[in-house]
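These protein sequence lines are chains A and B, in that order. Counting from 1, position 260 in the first sequence corresponds to residue 260 in my numbering; the numbering is continuous, with no gaps. Counting from 1, position 38 in the second sequence corresponds to residue 38 in my numbering; the numbering is continuous, with no gaps.
In case anyone wonders, no lab produced these hints; they're calculated from the structure. Even for Gly, the Cβ is constructed at its ideal location relative to N, Cα and C. One or more of the hints may lead you astray.
Just some of the chain B residues that point at chain A, by a computed CB distance under 10 angstroms [unchecked claim]:
no.: 1; residue: Ser21
no.: 2; residue: Ala24
no.: 3; residue: Phe28
no.: 4; residue: Gly112
no.: 5; residue: Leu141
no.: 6; residue: Arg144
no.: 7; residue: Pro200
With beta-carbon atoms standing in for the labels, derived distance ranges [said to hold, decoys possible]:
no.: 8; chain 1: A; residue 1: Thr83; chain 2: B; residue 2: Pro146; range: 14 to 22 angstroms
no.: 9; chain 1: A; residue 1: His204; chain 2: B; residue 2: Pro17; range: 50 to 58 angstroms
no.: 10; chain 1: A; residue 1: His198; chain 2: B; residue 2: Val256; range: 45 to 53 angstroms
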Amino acid sequence: MISLTHVTKLYGSVIGVNDVTVELGAGAHGLLGPNGAGKTTLLGLVTGQLRPTMGRVHVCGERPFANPRVLQRIGFCPAADLTERRATPREWVRYLVRLSGYAPHAASARAAAALDRVGLGEAMDRPLATLSKGMRQRAKLAGAMAHDPDLLVLDEPFDGLDPMARHDLVGLVRHWAVSTESASGSTRTLLVASHLLHEVEALHAGLAVILGGRLVASGTAREIRDMVDAMPAELRVRCDQPRRLAEAVCGTTGTESLRFEGDDVLVVATRQPRELAERITRVAVDDRLAIRELVAGDRSLEGIFSRLVRLHRGVAS
Amino acid sequence: MTTAQVSATAEPSPRLPPCGSWLAVAGFQMRRLLSRQRLLLAALGVVFPAAVMLAVRRTAADGLDRDLAVTMLYALVPEAVCMLGLLVTMCPAVADELERGTWVHVSVRPGGRRALLLGTYLTAVIWTGAVAILAILLALLVARVPQPLPLFGMLSALVVVSCLGRAALFALPAVILPKRALVASVAVALVVEYLAGFIPAVINQATVSLRLRSLLVEWMRWRQQLPVEMQLLVDPQPAVVQLGAVAVLTIAMLAVAVAILEYRQFPPSDEI
Chain A
1 MISLTHVTKL YGSVIGVNDV TVELGAGAHG LLGPNGAGKT TLLGLVTGQL
51 RPTMGRVHVC GERPFANPRV LQRIGFCPAA DLTERRATPR EWVRYLVRLS
101 GYAPHAASAR AAAALDRVGL GEAMDRPLAT LSKGMRQRAK LAGAMAHDPD
151 LLVLDEPFDG LDPMARHDLV GLVRHWAVST ESASGSTRTL LVASHLLHEV
201 EALHAGLAVI LGGRLVASGT AREIRDMVDA MPAELRVRCD QPRRLAEAVC
251 GTTGTESLRF EGDDVLVVAT RQPRELAERI TRVAVDDRLA IRELVAGDRS
301 LEGIFSRLVR LHRGVAS
Chain B
1 MTTAQVSATA EPSPRLPPCG SWLAVAGFQM RRLLSRQRLL LAALGVVFPA
51 AVMLAVRRTA ADGLDRDLAV TMLYALVPEA VCMLGLLVTM CPAVADELER
101 GTWVHVSVRP GGRRALLLGT YLTAVIWTGA VAILAILLAL LVARVPQPLP
151 LFGMLSALVV VSCLGRAALF ALPAVILPKR ALVASVAVAL VVEYLAGFIP
201 AVINQATVSL RLRSLLVEWM RWRQQLPVEM QLLVDPQPAV VQLGAVAVLT
251 IAMLAVAVAI LEYRQFPPSD EI
């Protein structure tokens, strides 16, 4: 569905996206990265708002920029808040559906159904200015989904939502992704950009991690975790004799590097964190070391993401 | 019947002619214009020429001369009111969308960019044209000019020509410099319409102001009475040529503006 080949996007001398190559098929995909990583630029390239400076972008087999055939099949919910004031959600979504080529009556029906689906049925005739940010977010989502696209692209879609609303919308978007084929008969694809890992994880989506405009990892959450497991993990030990502890563990299999932080902290990078932890415990008992703290690297997805960021910046070993 | 059921039973035929989306934009933009501020501005545009005509009529002891009244009305309405009205309605065609955060929604729709420009163009022409025609009506009533009906028809026709041509002219700065569109449009109005338009050379052939003046002179049958130096400021061709020239200019400028907008890229500001 989406194919990027050595895609680079420059804004003058500023790099938005740097040599990204990725293939995304049908199903749900998450695009992870901190603010300013290049997520929105990547989505801009996929949704035909931006042209790559170098490389090729194909969506549904064609270039999306200024291509109505491709744009007809895309639904996009941008991150920026909707500051349209006087229009109601019904008017706004109907307007967008009409721009997708629907006749006025059909557009009205689709707008109402989409707003019902996102839980704005009661508020669809109130001006957007009087709605909360979360409700405007739902209106944006309805606008993206109402014309039944094959590819739904969401940029920070759950931003500003309370936990209940977030839960509801995650369910709604997940259901959209796994439900039956779209009206055109194609299998649906969902691409969600977020800087919050749990949001993407909740969608059961495949992951692509982008940092500094580069794609640094892609695969399922499990594959990324395995990839990170293959990299050295860090154990941070606070004790009374860190130098004595360093002597004892430096010969341990899998140890990659050692460093001291202050007078009482030893940080060990290892490919076998479990074995190292056992070794440290034995050394502590045998040599009567007072271990005050033993912290392993965070193994949650959040921790993996944090480690990828650090690896990319050359901080981690 | 719930809305979901309505949707299920009303399956659309999505392939409508492109003008369907232009009309959708025009309708949406028209609703935006129906705000208190915009209506107040429009009312000012309707009343101002009449107020000027009233003031002049009161100072003239024997009433207003017909030719003078027509010249004043021409300067006030097809020139001033139309120009100001179009500056307010056409210039922010893209800037407003960027500011409201709606550009990104519209630009990812098939033909959305083109529809945005042409729909806004339609709105600008209809809105400004309506204001200007009402202004002519009121001003003619106040001025008490003899035989006002033919004058109303002629000046209304000039208003339509002015709106069609100049809205297309202002579409260019709106797409080239969206965030400075108003300043750029004022500069274009001054340089193109009022400087180049008054230069008696080939360059003034590409201005709407030359065509409007020529139509006025033609329809008022003033050509024989014009002093030689004034004849340099109008085109001797018949009205149909003037109208054709405005049509060609309008189509050319709109085509260029649409082509530019189709390929414009607005980078996400939070990433640069």
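Structure-based check of all given hints:
Given the 10 angstroms rule on beta carbons, the hint for Ser21 (chain B) holds: about 5 angstroms separates it from the nearest Cβ of chain A. Annotation: Ala24 (chain B) was flagged as interfacial toward chain A, and the flag holds, the nearest CB pair being 4 angstroms apart, inside 10 angstroms. Below 10 angstroms, beta-carbon pairs count as interface contacts, and Phe28 (chain B) has one with chain A at about 5 angstroms; its hint therefore holds. Among the interface hints, the one on Gly112 (chain B) holds; its C-beta lies about 5 angstroms from the nearest C-beta in chain A, closer than the 10 angstroms criterion.
The closest approach between the C-beta of Leu141 (chain B) and any C-beta of chain A is roughly 34 angstroms, which is over the 10 angstroms cut-off, so the hint fails. Hint status for Arg144 (chain B): violated, given a least beta-carbon distance of 41 angstroms to chain A, over 10 angstroms. Restraint check, Pro200 (chain B) versus chain A: the minimum CB separation of about 42 angstroms is more than 10 angstroms; hint violated. Remark: the range hint 14 to 22 angstroms for Thr83 (chain A) to Pro146 (chain B) is contradicted by a beta-carbon distance near 52 angstroms.
Under the hint 50 to 58 angstroms, the C-beta atoms of His204 (chain A) and Pro17 (chain B), about 41 angstroms apart, miss the expected range. Restraint check, His198 (chain A) to Val256 (chain B): a C-beta distance of roughly 49 angstroms satisfies the suggested window 45 to 53 angstroms.
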